[in-house]
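A.B. asks: The lines below spell out each chain.
2 protein chains.
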Amino acid sequence: MPSLEKIVISPIGYVKTKAIGDEVKDKSIISQIVINDNLIEALDGITGFSHVFVLFWMAQIPKDKRMILKVHPRGRMDMPLLGVFATRTNLRPNPIGLTLVELLKVEGNTLTVRGLDAFDGTAVLDVKPFDSWDAAKNAGLPAWWKKLEQEKEQKL
Amino acid sequence: MPSLEKIVISPIGYVKTKAIGDEVKDKSIISQIVINDNLIEALDGITGFSHVFVLFWMAQIPKDKRMILKVHPRGRMDMPLLGVFATRTNLRPNPIGLTLVELLKVEGNTLTVRGLDAFDGTAVLDVKPFDSWDAAKNAGLPAWWKKLEQEKEQKL
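Taken in sequence, the protein lines are chains A and B.
What the first sequence shows, in my numbering, is residues 55 to 210, in sequence order.
What the second sequence shows, in my numbering, is residues 55 to 210, in sequence order.
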């Protein structure tokens, strides 16, 4: 019995960052996540974790771009044309961002994190601690992905 | 400039499983994800990945339980009382499930996966390939979490 009705989500907070444009892709960037005041208790104990997943809503993607079904990874024409569910493009039917970040500090309702690729003002949907179940050992990856990965390593 | 308006999401598909009750927590369980027919092209190339993240909507959590802010992990009273954002409980303001699953097979609009802890009929919000950025090496974890982890290993 599929439940295909629309789902309504209220943000739990928002992103604060000075990064603009492509700067948000820099994994060393430091941002804040400001959690709604009424949810502050829900952060108790989060400092025990060094890494958390942040789920956020990429509102910058206009509605007509959410029906793009195929892309070249990172917009590179030398990469194969792939379905959006086979990539991490932000052009997807539901533009929910998922990023693993380093949790540096928690003060009151504000988390300071490193590596969040979200723009200033982005609505945050959830924060979840990183768990051993979240990592795949020896994950199988396609050739195009390995090529991009190699290029990334050469740049570092 | 926080964007705190409500967000409306349309599912991209739904879960098919014979597992009921606590059976869905069994990591060996095999389920199907049936993607909406109009999105089938968005799956092209996904078989290159052995593991994908599934984002889903835990509609079984009633609205009044979404304002529970503190829980004992896995309901165990010998564990500390923690904020929901410091745990993976399904009692959270936005009950979005996030699970890494093994991708076994893709036939038409149907993905067969292992390890999806979602009930039959659950709305699926997104599918994303597992990426090296998603794994934290040497992640710092709280003592209560390590204790649960040890117990899990002893049971295997």
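Treat the hints with care, as some may be off.
[Claimed, not checked] A few chain B residues that face chain A, going by a derived Cβ cut-off under 7 angstroms, partial list only: (1) Val62; (2) Met133; (3) Gly137.
FYI, nobody ran anything at the bench for these hints, they're computed from the structure.
Yeah, the Cβ is synthetic: ideal placement off N, Cα and C, and Gly gets one too.
A.B. asks: Now tell me, hint by hint, if it's right for this structure.
C.D. replies: Hints versus structure:
no., hint, in the structure
1, Val62, "5 angstroms, holds"
2, Met133, "10 angstroms, violated"
3, Gly137, "4 angstroms, holds"
The earlier numbered hint that this structure contradicts is number 2, and it is the only one.
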